[in-house]
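From first to last, the protein sequence lines stand for chains A, B and C. Per numbering that gives the first Met the number 0, numbering through the first sequence is continuous, rising by one, with the last residue being 242. Per numbering that gives the first Met the number 0, numbering through the second sequence is continuous, rising by one, with the last residue being 367. Per numbering that gives the first Met the number 0, numbering through the third sequence is continuous, rising by one, with the last residue being 305.
All the pointers check out, no bait thrown in.
Here are the computed lysine-lysine pairs in the DSSO-like style, where the Cα-Cα straight-line distance is at most 27 Å:
#, chain 1, residue 1, chain 2, residue 2
1, B, Lys220, B, Lys360
2, B, Lys8, A, Lys79
3, B, Lys220, C, Lys129
4, A, Lys124, C, Lys303
5, C, Lys113, C, Lys81
6, A, Lys144, C, Lys303
7, C, Lys70, B, Lys220
8, B, Lys9, A, Lys111
9, A, Lys109, B, Lys8
10, C, Lys129, A, Lys214
11, B, Lys9, A, Lys79
12, B, Lys9, A, Lys144
If you are wondering where the hints come from, they were derived from the structure by calculation, not from laboratory data. Here the structure is a predicted model, which is why all the values come from computation and not from measurement.
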Amino acid sequence: MQNRTEPVIIVKNMVKKFGDFVANDNLNFEVYQGEIFGFLGANGAGKTTAIRILCGLSSPTSGKMRVAGYDVYHQAELIKQNIGYMSQKFSLYEDLTVYENIRFYGSIYKMKTSERKARTEEMLKKLGLTAYENRRIGDLPLGWKQKLAFSIAILHNPKIVFLDEPTGGVDPITRRQFWNLIYEAVEKGITVFVTTHYMDEAEYCDRVSIMAEGKIVALDTPINLKKSYNASNMDEVFLKIAR
Amino acid sequence: MNRFRAFLKKEFYHIFRDPRTLIILFGIPIAQLLLFGYVMTNEIRDVKIAIVDHSRDDLSKRLTQKILSSGFFKLATVPASEDDYERLFKSNKIKEIIIIENDFAFHLINKGKAEIQVIADASDPNTAQLLVNYTTAIANDFVKDEFLKGQNPPGINIKSRMLFNENLRDAYNFIPGLIAVILMLISAMMTAITIAREKETGTMEVLLASPLKPIQIILGKVTPYMILSIINALMILVIGIFIFKVPVIGSLALLLGEILLYIFLALTLGIMISTFVSTQLTALAISGFALMLPSILLSGFIFPIKNMPVPLQYLANLMPPRWFVEINRTVMLKGGGLDVVWPNTLILLGMSVLFILISIKKFKIRLQ
Amino acid sequence: MIEIKNIHKQYGETVALQKINLAINKGELFGLIGPDGAGKSSLMRILMSLYLPDQGTATMSGFDVVKDYRKIRQITGYMPGKFSLYPDLTVEENLNFFAAVFGTTIQENYYLIKEIYTQIEPFKNRRASKLSGGMKQKLALCCALIHKPEILILDEPTTGVDAVSRKEFWEMLKRLKSLDITILVSTPYMDEASLCDRIALMQQGNILAVDTPRALTASFAEDLWIVSSNEIYATARILEKLPSIISVNSFGQALHLVTRKDEYTGESIQRFLSDNSEINTTIEKSGATIEDVFILLMNDQNAKSN
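Okay, chain A solo, but in the shape it has when bound (with noise of 0.2 Å):
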C-alpha cells in the first residue's frame, strides 16, 4: 500500500498570507505513493487555501513544494497534467450528458479517443451506467452524480487525486460504495488525497493529518493518533485537538 521511498507530494515550509492573515502557516508533510491521506481540519483552518496551492490553482507566499514530481511555482501546468480533482460543491456539468462530460474532459487531459472509449467502456459498467450514457448529469441522483464525477476524475490515470468533501449529503451505502472505488484506485498505484467532514471516514485513511488555525496540530495515522489522544475514534481525537 504505501511505498516509502517515493513521496509524490512535498511540502516544505509553505506560507500562504493574504495581506496580513496568514492562511498556511509553516506547513511541512509528505505524501506517499498509493497512501490514501487524510486532510482534516475545521471550516477556515487554511485546508481550502493549502489544497489549491497543490493542485496547482494558487501560489504559495513561501515555501518548496512538489506534487507528482513538478514544482509548484513553475511546472504548475504539468501538476495539472497529471493530477485529478473532485469536489461536492462541483463536478460536472449538469445539462451535458454523461458521455459529452467524459469526452469533455477526456480530452482536456489529453487522452488518446481509443484510451478514452475503451476505459470509459469499463468505468459505465463498472458502475452500471451504460444504459444512462446519454443522459444529462442534472437527471441522475446525487449518488451516481459523485460516484460517477470520481471516475472521471481519475479516468486519465493521474498520479494523485485530490477529493474535496466528496461525500457530503450523501446516503450510506452511497458512501461506502464510493469509498470501494477509493480503494480500486489505490490498488492501481493512485494516490488519494482527502479531505472530508465525516470522521468515520477519517479512519479508511493510511494517514491523517489534522489542520488548526493554519497549522498543522496532528500527522500520523489514525491508530497512533487514537492512542496518543486516548481516544476510541477519530471523532474524539479531533474534538480533543481541535477545541
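The hints should help you fit chains B and C onto chain A, whose structure is shown.
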C-alpha cells in the same frame, strides 16, 4: 488544440441548451434592429396643423390644397382668432400653424414676394424643425409648379417662429425626457432587483416565515427608493431650471404632483416585475430591455412618436414614459394645466392601479 | 404538537414525500435523519407553510399549515437550509432586525440566546458574510430563537460545518429543551441521531422507521458482527462470498457484517475467513448503531421496490 476544441464544443452545448441565452443572443438584436430601424426616421406623416388663410384667393387656396394633400399634414382645426393659437398649442391639438398673409396672390405675382408665417410647437425642437423644413419645401415646390414659365419665379418668404422654445434649445427637450428615463431606472429597476435579491439569496424564505405581512415587506422595500427617486427628480429639475435654463411656465405644483405619480407608477411596475422573476439577473434583464429601451426610444423623448409606423405607435401608447413626457413638456414648456393633461394623468393612474392589482395577485405568501 | 397526516408532495415526476405520517410531541428534540433527496427540506417547508402539500394535512400546535399560516409564522423559529441571514448586515444588526420583525427586542428574550450569543458577541460588529461557518450557525440560531418560539424548525443546521462546531451546536439544542421548546431538526449525519429524543429515518420520500434511537438500535432484527483486520478492503471482498449474508460495510477501521439472525456463529465466520485467506482477523458480535439500522432498512426498502 484538441483541448481548446473540446472546450469550445462544451460552451456551445451550454449555450444552445439554455433557452434564455438564445433569446438574448438572437431575439434581442433582431428586436432592436427592427425597433431602431422603424423608430429612427426623419419623415413625418399626418401631423395635425391649422391653416389661417387671410387672403382666400385662388393661389392661397391652391397652396393650402397642396399642403394638405402632401400626406405630411392634416388639418385638425380652424382657430377662432389669434388669441386661440396658444390654447390650441397648449392643448396639443396642433403642432403647427401656417398663416397666409393678406393679398397673397397679388404679392406673389406683382411684387414677386409673398410672406407666410409658420408657428411651430418647439417644445419638441426636433419635430418643430422638421415641420418648418417640410413646410418650406412644399411652399417652394408650389411656386415652381405654379410659375413654370418665367425666368424669375417669385419666392415665398417663410417667417418661422418656434413657440415655447425660441432658440431651439436642446435642453428643453431632453430635460423632460431625462426625468422620465432616470426615474424609471431608479424606481422600477432597482425595486425589482432588490426584491429579487431577497428571493435569490434565500432571505425571502426567512421573511415569509415570519409574521411580517407581505404588504410590510413590499412597502419596506419600496419606501427608500421612493425617497431617493424624489430627491433625484428634484435634482434634475433644479439643474434643468438653473443651469440649462429650462423654464417652468405652468404650475410647479402640478408638475411635482405628476412626477410623484410617475414615481409611484414606476415603483409599482418594479414590484410587479419582481413577482415574476426569481433572480436579480432576470430582474435586471427585464427592467433593462423592457423598460429602459422603450423609455428612451418609444417615449417621444428623442424620436417623435407620430412618425413611427402605426404598430409601433400602439406599442408606444402602452409605455408609461410616453404619457409622462408629454405631460412634462406641456406643463413645463407650454404652461398647460390639468385641464389639458388630465387624460394622460388618468392613464398613468390607471396603469399604477393595474400594476398593483397584478402584484397583489401574484405576490406569493409561500415559496411556490 | 406537530401532527402530519398523509402528506404527499410531488415536483413534476419526482415524488418528494410519499404519504408521510408523523407525530411530534411537545418539548421533544426530534430528528429527521436521512441523505439528500429524502424529503426532509420539503417536509419542513410544508410545516412552515412555505410549500403547499399536494395531499394530506398537517398542524403545528393545533394550527393548520394551509389555513392558519399567519399564526404558524408567529409561533415558529426557522432556519432554512443554506445560510439565510443578511450578509451585509452585522451580527448585531441581523439580530435586531429579526427581533423587531417579531415584535420584540434583544433584551426581552436575551435569556434564551444568552449562552449561544456570548460566543459570537465579540464579533457583534462584524458583517455576517465574514463569519466562519460555525459562527454563522450560531447567529442563525439566535435569530430564530429571539422571539421565544414554541416550535423551532432547523433544516440541516450542521451540514458542511466541522465536527467541533457540530457538537457545540447539538449541545446548545439540548439546553434549549429545558425551555420547553419543541425542536424539529434534520441532518444527514447518522451519528447525530443518537442526540435526539426520537428520530425518523427518511429515504427518498419515505419514513423507514420512527422511534427513540435506543429502541431503534435495540430492534435490530439481525446479527451484527464487527470484523477487524489489517486489510479491511480485502477482508470485505472475502466476506462478500459468505453465503446468504445481508451486507458487509466498512465502519471506520473495521467492518460491520450483517447476517441473518442465528444463521452463523462467530466461530463459523472465523473459520470461513481463515479457510479463504491468510489475513489475521478478529470478530465479535455487537449491537447496532443508527447507521447500521439505516442501512438495513434501506436494503429492505430497495429489495421491496425491485
